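Heads up: the protein sequence lines correspond to chains A and B, in order. Each residue of the first sequence is one higher than the one before, counting from 173 in this note's numbering. Each residue of the second sequence is one higher than the one before, counting from 173 in this note's numbering.
These aren't lab readings, by the way, just hints derived from the structure by calculation. Incorrect hints may have been included.
No copy labels: a pair is met if it fits in one copy or bridges any two.
To be verified - With a Cα cut of at most 25 Å, we get these calculated PhoX-like pairs of lysine-lysine:
(1) K180 x K463
(2) K377 x K635
(3) K635 x K583
(4) K523 x K635
(5) K220 x K463
(6) K377 x K665
(7) K355 x K194
(8) K196 x K599
(9) K377 x K583
(10) K439 x K182
(11) K463 x K221
(12) K221 x K471
(13) K536 x K439
(14) K439 x K466
(15) K180 x K439
(16) K583 x K651
(17) K174 x K351
The structure displayed is predicted, hence computed values, not measured ones.
Protein chains: 2
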Amino acid sequence: LKLVFEVKEKDLLGRVGRVYIKGKRLDTPAFIPVISPYNQIIPPSEMKKRFRCNMVITNSYIIYRRFGEAGVEKGVHRIINFDGIVMTDSGGFQVLEYGDIDINPVEIAVYQERIGSDVAVPLDKPTGLTSRQEAEETVRVTLDNIAKTFNSLGDERRSCWTAPIQGGLYHDLLERCIKELLKYDFDLFSLGSPTPLMERYQYGKLVDMMFNARLHVPLDKPLHLFGAGHPMLFPFAVALGYDTFDSASYVLFAKADRYMLSSRTVKLENLAYLPCECSVCSLTTAEELRKLEKNERVKLLAMHNLSICFREVELIKQHIHEGRFFELLESRARAHPALMQAFSNIIRNDKIMQLMANHTPLTKPRGMYLFSAESLRRPEIRRGAERLEKVMSSSPTCFGMRRTAILIPHKLVITLKLEKLLQRLRKLENYGEAAVFTYYTPFGIVPLSLSRTYPFSQLSYPKSLIRDNLNQISRETLKKLRNLGFETVILIKSGGEPPSWFLEGLGEVLAKEFNVRAVEL
Amino acid sequence: LKLVFEVKEKDLLGRVGRVYIKGKRLDTPAFIPVISPYNQIIPPSEMKKRFRCNMVITNSYIIYRRFGEAGVEKGVHRIINFDGIVMTDSGGFQVLEYGDIDINPVEIAVYQERIGSDVAVPLDKPTGLTSRQEAEETVRVTLDNIAKTFNSLGDERRSCWTAPIQGGLYHDLLERCIKELLKYDFDLFSLGSPTPLMERYQYGKLVDMMFNARLHVPLDKPLHLFGAGHPMLFPFAVALGYDTFDSASYVLFAKADRYMLSSRTVKLENLAYLPCECSVCSLTTAEELRKLEKNERVKLLAMHNLSICFREVELIKQHIHEGRFFELLESRARAHPALMQAFSNIIRNDKIMQLMANHTPLTKPRGMYLFSAESLRRPEIRRGAERLEKVMSSSPTCFGMRRTAILIPHKLVITLKLEKLLQRLRKLENYGEAAVFTYYTPFGIVPLSLSRTYPFSQLSYPKSLIRDNLNQISRETLKKLRNLGFETVILIKSGGEPPSWFLEGLGEVLAKEFNVRAVEL
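Chain A on its own, in the form it takes in the complex (with noise of 0.2 Å):
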């Protein structure tokens, strides 16, 4: 087997896992720096030493230009120096900034397997932000390129190959194009046309396109992003089940004078302070930086963008080791509005969320954070909700013959042991007609016999989600009271739970429709 992927650990639809191409081990989710074939602005081996960098990605096309039948010889390995694994673009991206290229897709397809690339691009035309017709023209042309490559190269193929998802934003397209693709024998697949998405900040888009071709590729086979700029989409890439992204993005902006952060880019002149540990920026400052010659400037930099790059991978593998990705999502969707829209996409799309629910462990070993309405949309919480209303609509004779609903604050469940709680309720005088709920939880009520599993007592909140979506609790609370049939509701108080804007509020809105009591207990 060229290509081996082995998932370890998934939270949302990202995964930890480890692909073996060629024998060469990859950790995963990566982050595969684009390097020139010659003209390093880093050296790929300082890569692999100082970033346990193991996989880059560098261009066959610029390759078999400037060193023809050398190239062959050398191979790619050590034209570049680097012993760890090279994926090779085919100059698709060329063919998308310069029109078309001088070769044909047999051409670099079998020269890409003649230099050792270990993972392959076929000659694929991007499809860009285009009109209908022309989207139609790149995937019709790339999957004929492909067709062409395969017929020439047959079944002894000596490299990896991807297979390149064009379509852009028009769904169908893109969705048609990733079944021609399953008809081939790739070992793996790669998005294409990000980029002019990114550079107008239309992440919303992005996400959605993102989406649609992780939802029609097989998810036993690595997915990679091409281009996938700056480290703050990572995390989104991540989550949406990529394993791999590639990006130019540490070097181009580092020429550019700007200086990477998890969240943004500064631009050096902006740049009063380096909040940063890297071994750059540990050793210099801000105006040291500025003064510096061009060249050293912009190695530096690089340097910088890179450890920014390769930190926020880890950042990430580690959010998902503690099933604690969705926070980081909340976090970094705060870099850019344009990131918050994309991250609104991703919460309020049904099948997107479905989908992660599914691929998301049923139970965590460690209790959630809720910090916004935004946290009541993530998947734990979204399967607690349907088997809170599966239990309710499903067990009349639990609640369905009773009169009385006794709400208890969900507090009280978890720091008072239950026998000592029963005997207290056993002495309101509705009890032995009631059914008993928790309440004051985001949620609206969990009926007792949930509020003690997972996820209704692993949850932890400030308050402010509760008031900040009193209304929405309130009516939601009505709504499941309701379709039981109760007549009396009452609300327990007790050592200060629920606080007195909160009885009130709910009480408002139950009051339309209910006998209504406050007790304190």
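Knowing the structure of chain A, use the given hints to seat chain B on it.
Just chain B now, kept in the frame of chain A:
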């Protein structure tokens, strides 16, 4: 002058500045590591070399107990081998932890001066979390100690002295304490007793206490926070006007095998990756760290934790420099639900937000990023809304005599030339008697005359901000239009803006009181 404080840049209540203490310079805001007088896990000289740390805090009571008169001879700087600024605590913490200590306030004050402390603290009695009566007693004892101390030291003080603020959560007590402290000639102020609140994650109450102290300490005095714990609190401390904060957490956490991140702490056993590029993390792995012998492990963890603390301060300074400090808070609030609660307390406290609005620059060189309803509470927006209110209520000649309001999509004003826009508008039949506003903004409507001014024209926000707050924005628009006495409202559509969900939502609300027409321009 023993102490000079220069403020260079401001945002919210935070300031970037410099404190000169006995001729030595400290860039603020500053994290001040707590170090042991002997047995330092990381020597302060190394902190200076690695992190440009120029101020540490150590305990004069421990020096007194261990070195006595020999300590005076050697001096605190030689004892800890550090030529930067040394602050000495008096032993107040020992009082809190172990009850009374066997030294009187005058003795320890004189001792601090004699060992050459740069910043000394009178022996205070920390309030902690106690009853009202006990809290009063701590303030009384603290003030009594100070009276004795200053009486004995006279005017020839060699050290800078900081005023220890006690009173804790009893706001009137704390305020009274500060008023008494202001009668003395203190060089700076320090808020005591935050630790018990931090340990209980009561960040909401912590914020209230911190703000209360800030409100009563003159803004030209540096304000210090004792025992600031975790770096995730640093942005909030600075945003509330604290210039320095000490913490021993870097080493305490290290001893407990806890690895700091800027937004949380991970137990070493749960750490699979090292999302950091500091001198420690770039040379090792989580697995290797775990296998180290205890002493070595603590040293490396402490060094990493220190990196994180210093880095967070640089990040805060850079955000203040760029005028994006509020954005950092929005992101960091997602570190922990208790921090979210603290953030919520800040932005919902009118007094805090008003003071922040007074203190934040009137205009900023860069546009603002808005993300969600929280963003709408930031000082620039608050001021903008106030200006809007003023203009719209005090300009009856501009608005009040007209019967028609024309609302044009805000984006049109930004992207279209004004003349071109007016040309198109003049063709509308009601134009002669109309007042023109922009709409589809988070503010509701903005008069055309203000729409190209700061901050209205410098906003960047996701559509989701408007969608999530559609009801409120619609009601706000209704209110403004009603107050100006219009009869007809013309909603201009142009180039897909505003989207139909917005037009429908707003239209429905406005139709209750106005004659509403939608016109495609």
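Evaluation of the provided hints:
no. : hint        : verdict
1   : K180 x K463 : between (46 Å within a copy, 22 Å between copies)
2   : K377 x K635 : between (34 Å within a copy, 13 Å between copies)
3   : K635 x K583 : within (12 Å within a copy, 36 Å between copies)
4   : K523 x K635 : between (30 Å within a copy, 20 Å between copies)
5   : K220 x K463 : between (29 Å within a copy, 23 Å between copies)
6   : K377 x K665 : between (47 Å within a copy, 22 Å between copies)
7   : K355 x K194 : within (23 Å within a copy, 77 Å between copies)
8   : K196 x K599 : neither (69 Å within a copy, 70 Å between copies)
9   : K377 x K583 : between (41 Å within a copy, 19 Å between copies)
10  : K439 x K182 : between (36 Å within a copy, 20 Å between copies)
11  : K463 x K221 : between (28 Å within a copy, 22 Å between copies)
12  : K221 x K471 : both (16 Å within a copy, 24 Å between copies)
13  : K536 x K439 : between (41 Å within a copy, 16 Å between copies)
14  : K439 x K466 : within (15 Å within a copy, 42 Å between copies)
15  : K180 x K439 : between (39 Å within a copy, 20 Å between copies)
16  : K583 x K651 : within (22 Å within a copy, 40 Å between copies)
17  : K174 x K351 : within (22 Å within a copy, 76 Å between copies)
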